Amino acid sequence: MTVSALEVRGLTVQYEGLRAIDSISMTVPKGGRYGIVGPNGAGKTTLFNAMTGFAPIAAGSVTLGGADVTTRHPAVRARMGLARTFQITHLMPTLSTFENVMLGSLSMTGESRSWWRSRSSAKLSVANTSSVIEMLDLTAVADTRVAELSYGDQRRIEIAVAMATRPEVLLLDEPAAGLSAAERESIVELLLNVPDSLTTVVIEHDLEVVFALAETVTVLDGGREVMTGTGDEIRNDAHIKEIYLGAE
Amino acid sequence: MRFWTFQVLNGLTSGAILFFVTVGLTVVTGLMRVLNLAHGALFLVGGYAGLATIEATDSFVAGLAVGALVSGLLGFAIRQAFATALLGHTFHQVLLTLGISFMLGNGILQVFGGTPRRLLAPSYLSGSVDIFGVTYPRYRLMLVVLSMVAGLALWLFWERSSIGAMVRACVDDRPMAAAMGIPVERVFSVVFALGAALAGLTGVMAAPVKGLHIGLDFEVLLLAVIVMVVGGMGSLTGAFIASMLVGMIDVMGQVKFPELSSLTLFAPVILILIVRPQGLLGRPLA
Amino acid sequence: MTSTGFQRDISVLVGGAVLAMAPLVLGDYWIGLLTQALIYGAVAAGLDLLIGFGGLPSLGHAAFFGMSAYGTAMLTTQANIDPLAAALISVVGTAIVAAAVAPFFTRLWGLGFITVTLAFGQVIWGLAVRGGSRTGGENGIVRIPRPKLIADVLSTETGFYVATVVLVAAVLFVISRIAHSPFGLSLLGIRDGEQRMTALGYRVNVRRSVVFTIAATSAAILGTWFVFFNQFIGPSTLEWKQSAGFLLAVVIGGRASLWGPFAAGVLLTLLETVLTGETTLWPMVLGIFYVIAVLVIPDGIVSIRSQLVSLVSVARGDQK
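Chains as they are written, first to last, in my numbering: chain A, 18 to 265; chain B, 436 to 721; chain C, 3 to 322.
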């Protein structure tokens, strides 16, 4: 019985009388590509927040690579290999693309502790940063301040920063939202080509992106898990169609 | 026993003054998330303006009115002139209001000179009263009573009136208040100006007790900050309770442990900020 | 920050060498003034590490400057401890205090942090003012001895000045290296995007506490040196207005530029000393500086250069 990459059991998050997510259970296998869909307000981002430690857990558990992380600080979970992107871009606006991604690399290599030598002497981090930037096609804007870049570039940098930590599990919160068709395609392309060792979980509103990427999909609605299955199963389920059409 | 009754009354007087000064500060800070470090200067400017008026007209009431008016107008002008800067970075607010307070304070020095000034209570409120077994100045008692009356009135206004509800809405959730059609900007301007006016009024009111001297602006400001933090930013009830507490501690502290007075006042501030940042009843400063 | 590390290190050395030659042209009075100005400038640079890089606006920095100064003063005049040993004890002691309070203070931010550092500064100031015979109360402590270094170089104004240039250059050098290291980058990251940094695995509060302690320690070192220079310490050095002055230097100079706050600190100190002798209007002038700093150059004098550059290129039609 292999250990799953990420698992939640009976997870519940409660805010002041509102149950944002209610008893959700999910198992993400190692190396898998998992999708989470559902109408607005279904609790998708809250689920990510609970998994990564940014939302208080009222009940249930979160397990990362077999270890229970339910009560662990988000920074600890990150160091254990759990990386994420945010739905609203969370970057450092006054720093350049390179510096943003560099911060991810530095964390992973441990060179972030270096306080006397210059940044460029953190060789491992620099190399990692360069390769991630290249992978995400950001070389042209590497030295530009993030605040001055387009939304599309920023979304890619958001992914680059997370990937720079060479995580075990990567949670992507609506990576393609607001992007042009071409940009969306390149993101899908990228995610299809990540190494098998990396487990990815994607929240997306765009069903086509999810079905192209994910092997297994969970549908959330009103904080509850409605259905889990393969892309085809979900696509063809009448009840699911109703949820989406009804909500939109 | 009589000694302690006297000290308690002193503490209440101090608390009353603090309450009047802090009300404006705590509401403005809670509302606008702006720490107005010029608040003490507005207190002092009002006080001196009132002093000048009383010396010219012999009317205490006129002095009160002028004090409130001058500071209120200044407050309004400050808010209008620096509206965008005041809502920016925290240190910009700190520096801006600090700069204004230096300018105002030095302005007072240039106009009135450096000798401390005394103001006598109006004749109809002078003299002493026998209360709780001690003889206590009538004026101070009036301040204590007034603080309770004003406290109650403000509380009623705050909790029960529709304008009060509007202001509370802005304190609790600014974007929501704006979405509900509340003219947030105008609320800010009015509250800021009223808070400043109240500070100026208090400057005159407190003058018979505290006198007027250069440097009083910052003494008052620091005490007001303590009260605001202890009581909780944005909370009227908190400001009242904290004012009385701090007033008591300040007076008792000076009597019993004069060497530690700064410690007794500021150490609780540090503890509260760390352990219970929202103070007794308010919102956290952070 | 476009200059390379090497360029930066060299400019500190060159700047230091130039400053060290000042005694050739200036008299003792100005040399003394300059000594004090350099010390205060360096304090501002250390504070920039906390404010500009760390994003923590402190109104209590003077407390650490003064704590170490008082410690040195008390140990040398009352316990008759050798000045250098007293300096070491005071600096280490202050650093320990800073490290002890840092984790608690840095959990707050913005308005809360400002207030707690203000309160802390007042507590320390209060202890100095009411310390009775130990701290000299309002009158402070006098006749503090200077350390005896090689050739008794510290006994003359010029000698002390040159030693100050060396010390200040060394402090700036270290601060600069820290700022431009990966650790320094992580501070900028935390300043700009705390949540993001946490999600990347950084222990945000630990880093904040570390930079708080470093800044406080640099202030402590300079405070001790100041008390050797001045040979007198009084409670006004610990006043929160002093902290506000350092804060002003950081903002006027340009946050996170280090040399901007240093230059601003030097200039403001010179200006204050000169003006206070001439007129009672210094607080008014200072107040105007504060207002101008916020309204006209919120990004500090450092930004003026880049603003001028972009103005020029707009005029030339390079940019729209």
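Hints may be right or wrong, so weigh each one.
To be verified - Below, a list of computed lysine-lysine pairs in the DSBU-like style, where the Cα atoms sit at most 30 Å apart:
1) B/K645 - C/K150
2) B/K645 - B/K691
3) B/K691 - C/K243
Read the hints as simulated data drawn from the structure, not as lab findings. The structure displayed is predicted, hence computed values, not measured ones.
Results of checking the hints against the structure:
1. B/K645 - C/K150: Not OK: B/K645 and C/K150 at ~50 Å, beyond 30 Å, violated.
2. B/K645 - B/K691: Within the cut-off at roughly 20 Å; holds.
3. B/K691 - C/K243: With Cα atoms ~28 Å apart, B/K691 and C/K243 stay inside 30 Å; holds.
Comparing the model with each numbered hint stated earlier shows that hint 1 is the single one that does not hold.
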